[in-house]
Amino acid sequence: MSFELTKEFLELLNSAIQKKDTLWMKKNLFILHHADIAAIINELEFENYSYIYSLISEEIKPNVLVELDKDIRDNIIRTFSTSEIAEQLEYMDSDDAADFLIGFSKEKVEEIIGKIKNIETAEDIVDLLKYAPNTAGGLMQKEFIQAKAEWPVNKCVVELRKQAEQVEKIFTIYVVDEKNKLIGYLSLKSLLVADPKTKISKLYQSQNIISVKISDDKEDVARVMEKYDLVSVPVIDIQNKLVGRITIDDIVDVIKDEAEKDFQLASGISENIESSDGVWRISRARIPWLLIGLLGGVFGAQVISLFEGGISDVPQLAFFIPLITAMGGNVGVQSSAIVVQSLARGNDQFDSILKKLQKEALVSIINGLLLSIIIYGISFFFHSNTLGLVVSISLLTVIISSAIFGTLIPLLLDKYKIDPALATGPFITTLNDVLGLFIYLTIGVVTYGI
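34 is the number of the first residue of the sequence shown in our numbering; add one for each residue after it.
Keep in mind that the hints were calculated from the coordinates and are not lab data.
Treat each hint with caution, since some may be false.
[Stated by the list, open to error] Derived DSS-like pairs (lysine-lysine); straight-line CA-CA distance at most 27 Å: (1) 235 to 214; (2) 232 to 214; (3) 212 to 181; (4) 246 to 214; (5) 163 to 214; (6) 260 to 388; (7) 52 to 40; (8) 274 to 181; (9) 181 to 230; (10) 260 to 246; (11) 214 to 148; (12) 163 to 450; (13) 212 to 163; (14) 103 to 40; (15) 260 to 450; (16) 450 to 388; (17) 214 to 230; (18) 246 to 230; (19) 181 to 202; (20) 274 to 202; (21) 230 to 260; (22) 202 to 222; (23) 246 to 202; (24) 260 to 214; (25) 450 to 389; (26) 188 to 230; (27) 163 to 188; (28) 188 to 212; (29) 448 to 389; (30) 235 to 274; (31) 289 to 103; (32) 448 to 246; (33) 202 to 150; (34) 188 to 148; (35) 235 to 181.
Sequences and hints are given; from them, build the entire structure.
Given below as structure tokens:
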């Protein structure tokens, strides 16, 4: 049963902290999962969460530290000596330890690693720090279970027991040859039921080995694990040697981070920001797309000024400007969002692109006709037949053109290695606003013969 953090629990905890009631904390707080403890600490003030953290057992502290919000984690780390940081790292998985060190200077990292007592742990962390954070190498952990093909089962069991001491979760036994090249995998069941003298080479599976290369992008890794429904995937280097594994918990974090980034881009935020970031950083992340919106408004005003005479002769044209711009922006965002979602899944083949364009064109025609008929009736009833025709024809044209632009722009951005999520934000809205105004006012001027 999962723990649910409530206001009442926080009140009881704060009261226990004030009273130094460690017995209550042992019964109600420290029995929880480390992720729940971290979630609770994230809700406390500095004096309280630093006190709570000091009471946590040494084995659990590193797991809690990894789960904390960055600003709270940084505050706690500031109270640590270099030796204390190194001690925390020894209890972490190698991938978490490497991620933990990313924010430190090169000199500080070298100092911390120099304090790590376990040489193998230190070497694993140093190895992982070589890889970019957005690659499989930056995502993988060095703790995994592997067996040599030439081992008999009885030796394999002994060796696996030694390896298992360093591995938190065992999903798969990877089988390698004498050069440490990945050649297959082994199930625990086949190992347990086999004769002790049988060699692993007679037991392992070599077909359909799913692996990722050390340089693969983390989003590609996520797609592979999703496609094949994997809980872990082996990582190999350019020589096909087994160098690590990536587990499902790391991929969940990747998917969450990418979703947050895409949402921010779609909202017009150009950097990955947190709620705890400073005012200037948040402002800097928002201002570029606000400026684009501002420029779009200026261009829109210029378009309107080109048709100033027509609007003066038929002022009713101005009534429907907000409707035209809003519909164009909405349709463009809907179309681009579908394409961006498809690209995120890796569907970027030419045939697939043509089908998307055809589908979006048909959808926009159907929706455009339906909405145009509705707006024609409204315009005809409240104004005139001519205005109804202008608005309805303009709306149909704007919806179709916005859908096409909303489909093409993400594809073009993706082609030039620019994140297509940009297209779902102010960029596509601003473009369709200006285009929609031009189409609407042009049709109006031509129809009225102004």
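Here is what the structure says about each hint:
no.	hint	result
1	235 to 214	17 Å, holds
2	232 to 214	17 Å, holds
3	212 to 181	10 Å, holds
4	246 to 214	13 Å, holds
5	163 to 214	21 Å, holds
6	260 to 388	22 Å, holds
7	52 to 40	19 Å, holds
8	274 to 181	13 Å, holds
9	181 to 230	14 Å, holds
10	260 to 246	16 Å, holds
11	214 to 148	32 Å, violated
12	163 to 450	24 Å, holds
13	212 to 163	22 Å, holds
14	103 to 40	23 Å, holds
15	260 to 450	23 Å, holds
16	450 to 388	22 Å, holds
17	214 to 230	23 Å, holds
18	246 to 230	34 Å, violated
19	181 to 202	20 Å, holds
20	274 to 202	22 Å, holds
21	230 to 260	37 Å, violated
22	202 to 222	16 Å, holds
23	246 to 202	22 Å, holds
24	260 to 214	24 Å, holds
25	450 to 389	20 Å, holds
26	188 to 230	9 Å, holds
27	163 to 188	34 Å, violated
28	188 to 212	19 Å, holds
29	448 to 389	16 Å, holds
30	235 to 274	21 Å, holds
31	289 to 103	16 Å, holds
32	448 to 246	23 Å, holds
33	202 to 150	23 Å, holds
34	188 to 148	34 Å, violated
35	235 to 181	12 Å, holds
Of the hints listed earlier, those the structure fails to meet are numbers 11, 18, 21, 27, 34, in rising order.
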